[in-house]
Amino acid sequence: MIALLALPLTLLSLQQPAGASIAQRLAGRVSPELASLVVQLGTAASARGLPIDPLIEKAIEGSAKGVPAERVATAVRLVAMQLDTAAGALREGGAVPDTLVIAAGEFAISAGLSNHDITALARTGASVAALTVGLRVAGTLGAMGVPSAENIGLISAKLRSGQPTGDLLSVPARVQAEISRGVTPAQAAAGLERAAAAQARHGPPPVHPTHPSHPPAPPHP
Amino acid sequence: MSGHEFHPLIKQLLDGDITLADLPPELRGEGEAALRLLAAVDRTDISMPAVTWRVMTTLERRRRRFLPWLLAPALAIAAALVIVLRPTAPAPSAALVTVRFVLVAPDAKQVSLAGTFNQWDAQVTPLVRTGATGVWTATLTLPAGQHQYAFVVDGVRWVPDPGAPAVDDGFGRRNSVLTL
Numbered sequence: 001m002i003a004l005l006a007l008p009l010t011l012l013s014l015q016q017p018a019g020a021s022i023a024q025r026l027a028g029r030v031s032p033e034l035a036s037l038v039v040q041l042g043t044a045a046s047a048r049g050l051p052i053d054p055l056i057e058k059a060i061e062g063s064a065k066g067v068p069a070e071r072v073a074t075a076v077r078l079v080a081m082q083l084d085t086a087a088g089a090l091r092e093g094g095a096v097p098d099t100l101v102i103a104a105g106e107f108a109i110s111a112g113l114s115n116h117d118i119t120a121l122a123r124t125g126a127s128v129a130a131l132t133v134g135l136r137v138a139g140t141l142g143a144m145g146v147p148s149a150e151n152i153g154l155i156s157a158k159l160r161s162g163q164p165t166g167d168l169l170s171v172p173a174r175v176q177a178e179i180s181r182g183v184t185p186a187q188a189a190a191g192l193e194r195a196a197a198a199q200a201r202h203g204p205p206p207v208h209p210t211h212p213s214h215p216p217a218p219p220h221p
Numbered sequence: 001m002s003g004h005e006f007h008p009l010i011k012q013l014l015d016g017d018i019t020l021a022d023l024p025p026e027l028r029g030e031g032e033a034a035l036r037l038l039a040a041v042d043r044t045d046i047s048m049p050a051v052t053w054r055v056m057t058t059l060e061r062r063r064r065r066f067l068p069w070l071l072a073p074a075l076a077i078a079a080a081l082v083i084v085l086r087p088t089a090p091a092p093s094a095a096l097v098t099v100r101f102v103l104v105a106p107d108a109k110q111v112s113l114a115g116t117f118n119q120w121d122a123q124v125t126p127l128v129r130t131g132a133t134g135v136w137t138a139t140l141t142l143p144a145g146q147h148q149y150a151f152v153v154d155g156v157r158w159v160p161d162p163g164a165p166a167v168d169d170g171f172g173r174r175n176s177v178l179t180l
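Residue numbers (the working numbering), protein chains in the order written: chain A, 1 to 221; chain B, 1 to 180.
To be clear, the hints were calculated from the coordinates, so they are not data collected in a lab.
Some clues are possibly wrong.
Taking lysine to any residue and the SDA-like style, the derived pairs with C-alpha atoms no more than 20 Å apart in a straight line are [claimed, not checked]:
id	chain 1	residue 1	chain 2	residue 2
1	A	K65	B	N118
2	B	K109	B	G134
3	B	K109	B	V124
4	A	K65	B	H147
5	A	K65	B	R157
Here chain A stands alone, though its shape is the one from the complex:
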């Protein structure tokens, strides 16, 4: 009996720090009513293993932009739903999501990717850290106008290649460079995907040491 009573109290005590932390971060930045809503949503999200930062940041962003509180509340609720969608899509793909990768998935959804896209990236078997970067980059590519098929193809190829995350982070700049040469975003991504796939098959290009064309001049006496 005592155990049955203790369980809800324990859960409440676990939730309290999340709520207090959220309230503290929102103090002075949003209205008390909005803060109350975000505490409620954030506490529930935290209990489900979802990140709270995106909720807090959206509330602060909306208030900073002078958006009416009701509209900010709607946007924060949408973020909460997208976090749930992202977490479900990642699990569907076999990933064991942490809060960072879920937040990255939420960003990807906000940038136009679907839950199926997120599941497809999770199915690459990449580490959660690499998947986090991959989702962020995929979202950026989506914002650049790269269609879903080419976007997921490129990021999947990059994730499967096992290259460092720094290489993934450079993808938007490389796509942009191709676009500036006159190709479409889809063509740019498809070209980079082919290159990534070829590199995965044959390994990275050999690095030749650079030699000076002339031997160094002897020192003057």
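Given chain A, put chain B in place with the hints provided.
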């Protein structure tokens, strides 16, 4: 937001792929104006007082141009450039990247930057006007990763960077996205 985009040849000129002499006569005036505008941006020295020399020595500067042809001189806010200085080696999660934000806003009285890196506080990151061309710049050192931001013109107008990809902010506007 821009109603004007440069001719593809002007873009090539700004990219350094062709010279002014390669332009047809009817485009040379526009090309010269674009080069002047870009030169005004490039004259601004990059200073990073908040970064220690040790961090600076770890950063090998590589300048990346972001669509300078998006400059649209006919509008009050014509364009923005983001010039990124980043290490060439793969960036570890804690790596710092120096970024220059540029907005062309000839009629603006003040311009600032708000984003995820400063808790969307429009007061803390002002841009500095460069010369009489209406080019506003700010140089920030940010952690590698992804950031969302917008320019705030005269304290009231939130303007996405036309030189960067953007996503819906959930409030009917757009946030620019920067991946470092």
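Tested hints:
1. A C-alpha spacing of about 14 Å is found between K65/A and N118/B, which places the hinted pair at or below 20 Å, so the restraint holds.
2. Our distance criterion of 20 Å between C-alpha atoms is met by K109/B and G134/B, whose separation comes to about 10 Å.
3. Distance hint between K109/B and V124/B is fulfilled; the C-alpha atoms sit about 16 Å from each other, no more than 20 Å.
4. Using a Cα cut-off of 20 Å, the hinted pair K65/A and H147/B holds, with the two alpha carbons roughly 17 Å apart.
5. With a CA separation close to 9 Å, the supplied pair K65/A and R157/B stays within the 20 Å bound.
Of the numbered hints listed earlier, not one is contradicted by the structure.
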